[in-house]
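Participant: Two chains, two separate frames, one set of hints: put the complex together.
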Amino acid sequence: MRLSPATTQRIAVGFMWILAAITFAVLAFILAFVLVHGLPHVTWGFLSRSPTSMGRAGGIFPVLFGTLLVAGLAVLVAAPIGVATAVYLTEYTRNGRLTAVIRFGADCLAGVPSIIFGLFGFVFFAIALGMGLSILSGALTLALMVLPTIIRTSEEAIRTVPDSYREVSLGLGGSRWQTVFYVVLRSALPGISTGIVLSLGRSISETAAVMLTAGSALRLPRSLFDSSRTLALHFYLLSREGISMQNAYATASVLIIAILALNLLAYTLMRRFGVKTGR
Amino acid sequence: MKRDKVVGAILLVMALFGISGLALITVFIFREGVPVVLRLGARQIFLSSDWEPSLGHFGILSMMVGSLAVTLGAAVIGVVFSLGLAVVLTQFSPPGLSAALKPVVELLAGIPSVVYGFVGVVTLVPLIRHTLGGPGLSVLAASIVLGVMVLPTITSIAIDALQAVPRSYLEGSIALGATRWQTVTMVLLRAARSGLVTAVILGMGRAIGETMAVIMVAGNALEVPHSLLAPVRTLTSNIALEMGYASGDHRQALFATGATLFVVITLLNIAALAISRRRTGRGRFS
Numbered sequence: 001m002r003l004s005p006a007t008t009q010r011i012a013v014g015f016m017w018i019l020a021a022i023t024f025a026v027l028a029f030i031l032a033f034v035l036v037h038g039l040p041h042v043t044w045g046f047l048s049r050s051p052t053s054m055g056r057a058g059g060i061f062p063v064l065f066g067t068l069l070v071a072g073l074a075v076l077v078a079a080p081i082g083v084a085t086a087v088y089l090t091e092y093t094r095n096g097r098l099t100a101v102i103r104f105g106a107d108c109l110a111g112v113p114s115i116i117f118g119l120f121g122f123v124f125f126a127i128a129l130g131m132g133l134s135i136l137s138g139a140l141t142l143a144l145m146v147l148p149t150i151i152r153t154s155e156e157a158i159r160t161v162p163d164s165y166r167e168v169s170l171g172l173g174g175s176r177w178q179t180v181f182y183v184v185l186r187s188a189l190p191g192i193s194t195g196i197v198l199s200l201g202r203s204i205s206e207t208a209a210v211m212l213t214a215g216s217a218l219r220l221p222r223s224l225f226d227s228s229r230t231l232a233l234h235f236y237l238l239s240r241e242g243i244s245m246q247n248a249y250a251t252a253s254v255l256i257i258a259i260l261a262l263n264l265l266a267y268t269l270m271r272r273f274g275v276k277t278g279r
Numbered sequence: 001m002k003r004d005k006v007v008g009a010i011l012l013v014m015a016l017f018g019i020s021g022l023a024l025i026t027v028f029i030f031r032e033g034v035p036v037v038l039r040l041g042a043r044q045i046f047l048s049s050d051w052e053p054s055l056g057h058f059g060i061l062s063m064m065v066g067s068l069a070v071t072l073g074a075a076v077i078g079v080v081f082s083l084g085l086a087v088v089l090t091q092f093s094p095p096g097l098s099a100a101l102k103p104v105v106e107l108l109a110g111i112p113s114v115v116y117g118f119v120g121v122v123t124l125v126p127l128i129r130h131t132l133g134g135p136g137l138s139v140l141a142a143s144i145v146l147g148v149m150v151l152p153t154i155t156s157i158a159i160d161a162l163q164a165v166p167r168s169y170l171e172g173s174i175a176l177g178a179t180r181w182q183t184v185t186m187v188l189l190r191a192a193r194s195g196l197v198t199a200v201i202l203g204m205g206r207a208i209g210e211t212m213a214v215i216m217v218a219g220n221a222l223e224v225p226h227s228l229l230a231p232v233r234t235l236t237s238n239i240a241l242e243m244g245y246a247s248g249d250h251r252q253a254l255f256a257t258g259a260t261l262f263v264v265i266t267l268l269n270i271a272a273l274a275i276s277r278r279r280t281g282r283g284r285f286s
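For the protein sequence lines, the chains are A and B, in the order given.
Residues 1 to 279 (our numbering) are what the first sequence spells out, left to right.
Residues 1 to 286 (our numbering) are what the second sequence spells out, left to right.
Bound conformation, chain B alone (with noise of 0.2 Å):
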């Protein structure tokens, strides 16, 4: 019917805005980013700790450390306390209790994450500058900040992947004698395996890119963290904080930050629909 295919041709153009949205992102952002990068060279920019940009300065290699050492921090806490969380509610938990829970976790997953920042700085680094030492805002409290933060989004899809373990698994090795730690430990772990992972790495990926809270706890120092209590700064809060005041070059460079973040962002989503598409045949994300 020619109602049909009219109806159908509109409904495809309003599916493109997706995909048109991500391809103008990509062209915007590369657009503005790496014209400064060209001029100035990959090294000054990527190898370079000096950030000075009155003097034309534009090293981000500091901040790429900060992020990377923030969400290896964040993904520690959040695997540790996910993965637990994923199978105690699958698995040891009665089926009523899981059942009130699991809304609770993904409400961790509403809450602002300026909320989370500000509950930090007011708690957390004060705790960490007395009983640790050092100024408090740091690459441990943004690590743990990070890691509840990425907690919902770990633990929801792991309990996606571990309710996929077909019961007759289960069923098998509990019937083999093995008890029922032993069975999650040596067939329903694996067999989730690759549901796990793919979580994982969803959940660095949002530890990577979060912004606000990470501003609030970790100090921003313009230096290469030596040890977990010191001060560091991140790419994301790098343009947040510059971003307000930046023009000419200087911006050009905070979108030269923001094109590095984008190309780490989509490497570890890509990472993330392969091994799920592999295990599922078909890309699922949180």
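In isolation and in its complexed conformation, chain A is listed as follows (with noise of 0.2 Å):
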């Protein structure tokens, strides 16, 4: 039997449909299971307290102080290196060889898996340069991590920036930097800040690469050369070990609203200016 071709389409685009079905309604599955069992947990008291015998009971705080300090310092790091990479291959250098070279390097390092950033961050920053397991050897290799992200979404931010914008700056006698800071990154701004999102998202919830470099000390930490557990890493041994369910479920559960705030914000920036992040 042969179906007719507009059977055959009715077919197909209704199978397609319900893949995509399929994969909303495990989203939607994934993040309520998680909230559902969490939210009822995260009180005050377990953000603001400090856990008792190893994670069972207590709060978080700590765990939150020591996400903040890794994630907020990795971005701080790389957004403006980033940035400047950016700029360069945009603005300051025609496409030659040694663009070829800056971009393939930010083109590998995008593909290397997080375990790998986390291996090198063990024997460079901790054991090369002596910093240990710290808040700082988690945060410089989490920054190498985020960079390809900062670098290629304000790459892109940047390129919208119509050349009539840059002319105007020039002609009115602005110079190469004058033109490139006052004009170009003002109004590639939303479109970088969505790049910078981003990565504070994937740098909170990142986990291999942290366990190997920021240590997992429940401590709060006094200087940046202490170690610090992260959010992600708190889930990870609260429920692998088996701890506190219900403590990883409310760990899991603020991990959760930060992404998705994070997620928000990006897409809020990226829809008022109309700029494309390029994920």
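Incorrect hints may appear among the rest.
[Said to hold, decoys possible] Some chain B residues close to chain A (C-beta under 7 Å, calculated; not the full set): (1) Phe92; (2) Val115; (3) Ala175; (4) Thr179.
[As the list claims (entries may be wrong)] Taking lysine to aspartate or glutamate and the DMTMM-like style, the derived pairs with C-alpha atoms no more than 20 Å apart in a straight line are: (5) B:Lys5 x A:Glu91; (6) B:Lys2 x A:Glu91; (7) B:Lys102 x A:Glu156.
[Stated by the list, open to error] Coverage of chain A stretches by chain B, computed from C-beta distances (three or more under 8 Å per stretch; other residues unrestricted): (8) 9 to 20; (9) 79 to 88.
These aren't lab readings, by the way, just hints derived from the structure by calculation.
By construction, the Cβ of each residue, glycine as well, lies at the ideal position given by its N, Cα and C atoms.
Facilitator: Shown next, in the form of structure tokens:
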């Protein structure tokens, strides 16, 4: 029996809609599953107290604080370097061998798995440079990891700035760097911020790389050279070692809410200013 | 102007950070990982499944097979769902709906891998254990979880590839009397082929490099898996599981595991880069 083209189309498109529906159902299920089990346990006390007996009881305050330090510092280091790279690639040089090498480096770096970043951060920052398992080692490792994302989103944001803006600035007697700093970067700012927000999200959710570089201490860190556990690793250890399922769900809920908020922020920036993240 | 030269020089120095980072990673991973391979011989490492660090046995064959198995499994699941999603969102869905659904797909990429692993281990693993048998922690469970995780990567690159196909191709096909579905299979997918292949390769790169989710659902057994329901250990999970307490040769062997993974990923990346360059004249990664 041969199906008519119209029937084939109806069946094929129906099948693809089913695939799409399954995908969105899985996403909804994952989020709902974690939040339903975890949110009731996310109380002010949980967020503001220190954990006791390895996280079996008490809250997650030092972990929250450590996560903010590691992820914040990573983005603080990666953002200027990434934006500078993007400016160099788009505004300061013509396409040549050097730009090809720089792009190749960023492209390859984007594909390196996080566990390799972890191994590298461990031998390089923690051991060779003597930083030990610390917030600083973790942050620098993550900075290298999110660098390609920041370069790529900044590059795309800078490319969307119309040439006429540059021409007006140059025509008014502005120098090249004045044009870049006062005109191009200013109009590309929403796009650049989108990349930075997404990188912050990636830093917060990373586990493998921080496990090998920032360690898993539960104390409140006193300096950047102290080890500190991050939210994602705390959740992993709580659930994997069966320490406390209730606290594991609650920690995961905090993590997911943070990621949802950051994605929403990135989306709003993108929507509002019509930039493409190119993810 | 002088100032422009100075700014240019500073920018160049900062722009070299990324490539220097990549060079440092390569040097350090190989410097730590290669000596043990030279000392014990490549045969003892790559062609043996005998991993017994306390006895000085460091065969990673079973983990190489493990990584390959879960990556292929993830690719099959990821490709079916991602292509369906990309085609439906670009060709058959009302524009408003596509615009609303695309950020949702990106949200999937933002969920931490530990969360995927955890939800997998408390829902999917028991389901497999009860319905199909075996320990539940298995190649199958890892493939499904990884398939979901690589879906956003493949979908968003595939959407870009499909959107890059000139409208005139599709209009030509429709004008010749083809249905929209015939246009998709005979014109659209063919014209976007290299972009779609790039998407799949990059998705596989992501799957083979994923660590935490795989540790949680794959079972981590040290043997070559004989079925989809058998537990398996991957290269990545081997590193993450043992790095905490390894020292001496054991640690070097874990770096050798990392170096192996690094070589495989780099080959995948270069392949993807070469294919996408041929298409657009410029590499694009996600």
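Participant: For each hint, tell me whether it holds in the structure or not.
Facilitator: Going through the hints against the structure:
Given hint, Phe92 (chain B) at the interface with chain A, holds; its Cβ is 5 Å from that chain's nearest Cβ, closer than 7 Å. Interface hint at Val115 (chain B): satisfied, since its Cβ lies 6 Å from the closest Cβ of chain A, which is below the 7 Å cut-off. With 7 Å as the threshold, the beta carbon of Ala175 (chain B) stays out of range of chain A, its nearest partner Cβ sitting at about 15 Å, so the hint is violated. Taking 7 Å as the C-beta cut-off, the interface hint given for Thr179 (chain B) holds, the closest approach to chain A being about 5 Å.
With a C-alpha separation of about 13 Å, the suggested pairing of Lys5 (chain B) with Glu91 (chain A) holds against the 20 Å cut-off. Simply put, Lys2 (chain B) and Glu91 (chain A) have alpha-carbon atoms about 17 Å apart, close enough for the 20 Å limit, and the pair holds. Of the pairs offered as hints, the one joining Lys102 (chain B) and Glu156 (chain A) holds, with about 19 Å between alpha carbons and a cut-off of 20 Å not exceeded. Note: the region 9 to 20 of chain A has 8 residues with beta-carbon separation from chain B under 8 Å; the three-residue rule is met and the coverage holds.
With 6 residues having a Cβ less than 8 Å from any Cβ of chain B, the region 79 to 88 of chain A passes the three-residue criterion, so the hint holds.
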